[in-house]
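So the chains spell out like this:
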Amino acid sequence: MPSRLARAVLVALLAAVATSTAATGARAEIATQYQVETDLTCQCGCGLTVHSCNHLNCGSGIPLKKEIGEQIAAGKSREDILGHFQTKYGEKILSSPTTTGFNIAAWTVPFVGIALGGLMIGVVLVRWRRGTGNGPPPAGPTATTDPQLRARLERELDDLDRRS
Amino acid sequence: MSEIGRLAIVLGFVVALWGIGASVLGALRRDSRLVDSGKHAAYAFSALTGIAVLALLSLLLNRDFNVEYVASYSSSTLPIWYTISALWGGMKGSLLWWTFILAVCNAVVQLQNRHKNRDQMPWVTATMLVVGAFFLSLLVFITDPFERLPFTPREGSDLNPLLQNYWMTIHPPSLYIGFVSTTVPFAFAIAALATGKLGDTWIRTTRRWALFSWFFLALGNLFGAAWAYVVLGWGGYWAWDPVENAAFMPWLTATAYLHSVMIQEKKDMLKVWNMVLVILTFSLTIFGTFLTRSGVISSVHSFTQSGLGPFFMGFLIAILVISIGLLVFRLPLLKSRNELESVFSREAAFLLNNLILVGIAFTVFWGTIFPVISEWVRGVKITVGPPFFNRVNAPLGIALVFLMGVGPVIAWRKATAQSLWRSFAVPAGTGLFAGALSFVLGVRNFYAVLAISVASFALATVWIEFWRGMRVRQAMMGEQPWTALSRLIGKNRRRYGGYIVHVGIVMIFMGIVASSVFKLELQRSMKVGDAATLGGYTVRYDGIEFENDDHVERTYARVSVWDGEGPNAVQIGEVLPEKRFYKKPKQPTTEVSIWSTLGADLYVVLGSYDPESQLAVFQVFVNPLISWMWIGGLVLTIGTGVCMWPSYAERTATVSARAPAGSRPA
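Taken in order, these protein sequences are the chains called W and B.
Positions 40 to 203 (the numbering used here) are the ones given, in order, by the first sequence.
Positions 3 to 668 (the numbering used here) are the ones given, in order, by the second sequence.
With the rest of the complex left out, here is chain W:
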């Protein structure tokens, strides 16, 4: 059980990482104004992407949008355009971390953490199953001996008797 569970978790982790990084791997594709504006952060302090910033006469967003248009008109790919802005303004202009070097940790640590959590749960579940008493499991709906449920059943039967 643990090895099957571990394999399943590993496959899920790889799928999640692949899915989440698929878009970043697509940066070599054709650039669109919308996509590049979303890939860059406005530097006016609003915390939004260049596309979303709507500050009146924004001293950062408006010139950046113009520059993006010029880069696209020059026929550059999305990757090249982002590289241009990164060189000019620094890595902070990108709205999400790259997938190179230390920045890989940004993308993978969450899923590694969840996978580890899943493994721990798997171990816990196995231990709990071993802790269960011997004997056949109840067939069909499980009969309850929970005293709270029994008390509730009795109260509802009393309620029914009072009303009938």
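Simulated from the structure, these hints should not be mistaken for lab results.
In silico lysine-lysine, BS3-like type, Cα no more than 27 Å apart, as pairs:
no.: 1; chain 1: W; residue 1: LYS105; chain 2: W; residue 2: LYS127
no.: 2; chain 1: W; residue 1: LYS104; chain 2: B; residue 2: LYS529
no.: 3; chain 1: B; residue 1: LYS41; chain 2: B; residue 2: LYS118
no.: 4; chain 1: W; residue 1: LYS115; chain 2: B; residue 2: LYS383
no.: 5; chain 1: W; residue 1: LYS115; chain 2: W; residue 2: LYS104
no.: 6; chain 1: B; residue 1: LYS493; chain 2: B; residue 2: LYS268
no.: 7; chain 1: W; residue 1: LYS104; chain 2: W; residue 2: LYS131
no.: 8; chain 1: W; residue 1: LYS127; chain 2: B; residue 2: LYS383
no.: 9; chain 1: B; residue 1: LYS416; chain 2: B; residue 2: LYS493
no.: 10; chain 1: W; residue 1: LYS105; chain 2: B; residue 2: LYS529
no.: 11; chain 1: B; residue 1: LYS199; chain 2: B; residue 2: LYS268
no.: 12; chain 1: B; residue 1: LYS199; chain 2: B; residue 2: LYS118
no.: 13; chain 1: W; residue 1: LYS115; chain 2: W; residue 2: LYS105
no.: 14; chain 1: W; residue 1: LYS115; chain 2: W; residue 2: LYS131
no.: 15; chain 1: B; residue 1: LYS416; chain 2: B; residue 2: LYS337
no.: 16; chain 1: B; residue 1: LYS416; chain 2: B; residue 2: LYS268
no.: 17; chain 1: B; residue 1: LYS268; chain 2: B; residue 2: LYS118
no.: 18; chain 1: B; residue 1: LYS41; chain 2: B; residue 2: LYS199
no.: 19; chain 1: B; residue 1: LYS268; chain 2: B; residue 2: LYS337
no.: 20; chain 1: B; residue 1: LYS337; chain 2: B; residue 2: LYS199
no.: 21; chain 1: W; residue 1: LYS105; chain 2: B; residue 2: LYS521
no.: 22; chain 1: W; residue 1: LYS105; chain 2: B; residue 2: LYS383
no.: 23; chain 1: W; residue 1: LYS104; chain 2: W; residue 2: LYS127
no.: 24; chain 1: B; residue 1: LYS337; chain 2: B; residue 2: LYS118
no.: 25; chain 1: W; residue 1: LYS131; chain 2: B; residue 2: LYS383
no.: 26; chain 1: W; residue 1: LYS104; chain 2: B; residue 2: LYS383
no.: 27; chain 1: B; residue 1: LYS521; chain 2: W; residue 2: LYS104
Put chain B on the given structure of chain W with help from the hints.
Then chain B, alone, in the frame of chain W:
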């Protein structure tokens, strides 16, 4: 009045210290006089904090600009509701406001437990007073809200125009109530660890408080999203700003706690994990307070950068060290039964639910602090913005909604193949059908199709639960459908209230998915009489108007809204997007105008207006299903109310407890 306020916070601090000492000593020595003294100190702390708040409010309403806080956050022309909300508009006032809410919670806890939990209450009192004393110490020694200026300005600087919105009157208070009330379950958890009484008593005592704080965290987050949506004018409602994340994380862990605590109640399992969740939730609220006041991570929500960061970090570390230390010390007493018959069980589903919720919380935390880590490791500033959070959290959110459909319905202990088929055949079929239908109708975004499938699945399981329950009651009791439904809910408020909450969450989820994936937008420069079409709407620019008063200058556009395009379009209304220029401080703002329907919002922003050419630039968005977010919030509220309403047995027990001995019920 400032002297009264200052005296109140100083006395409140001293009284809190006394209360901590008396409560702890009283508990250790089993001295009821010291315990009572601690209790009275707790009441006095609450009263003194209330006096301080009233004093600051009085200074604001009287426009006493000699007080630095009043001069910084109000003006003689600020409308009264915003003057009141200036109480929490600045850092000093917000710290006092936090302490005041804690004081109110503290007083209520004292009243609720005046005849019970005698062993735990001294430790609960001490814990809550420690938190109160910390916040008051900041106000007493570092940042005095009653500080007077050496001169009196003729006019105040006014409240930030972005905060002059009715959401300012409800978003911060609701979020603060959510933050601060997590102190109550935390205090009871510490009391349980301190006394070694680690049964279910502390959980039962704080169940409603946990739900209460969860609810206000949910409301606070939703109100914040609504505020961003109607005020900021970028067409969105959530930017994964660090402060937004700081409010979201404790809600996630509180949600995990509300679910896993059910396993402890029913199966006596996960005792350690529930303790961890309570400690984590409270710690995250302190972390959020740290983020807004330290300047460590830049945020549009941050208060002025202050020197308070190290104090909050120190307090947070102290909380974690003490609470984890106590937890480790009491580990032998926290052994659980820990039995599980099958991984196909509600216990396992709830564990997975916790994994996803805490996983999302960790992801948000990691993304929030990663810029700091990156700068520390590489010396390079980076940004972790919305694309990161959306991309990483999308699959996790979908998994969570799927589990929302599984968890409530799967059997405890062991689900047989028969019970799985009976419970999930129809919902699974509904989910698959909905996904297939959306694909046939042209939805090609993978996550959107998956989201529609799991949302339909989750809604179908809730629907079937209500339907089956109603049919059983109708068959057994002969009740009419509405009677059967109301009695079904009344007999098990917690269960069916939870289902209603799930419906609310699914609605919010669908609103988020649709408005993110299917949003349409355009930007157009128009002269009077020009029209543009988007998403089945036509908007026509009809003219510009101006208004001017002492407080603000308004420029607003008249834009008529038409359903449809071309000659068959039918006018359905008008929107008035505007630009404002506040005179104190001199700051422009955007006021969007929204035509809202159940299916979509037409969201119109006046970008700019040139008086010479009379050209106006408009941004127009069509945001599908965004109303579902707000309606989902209302459904969530109803569900929470159902959960929290005391059952007949509880009300009867309360009446019996209050009745004199020997009395007969009426």
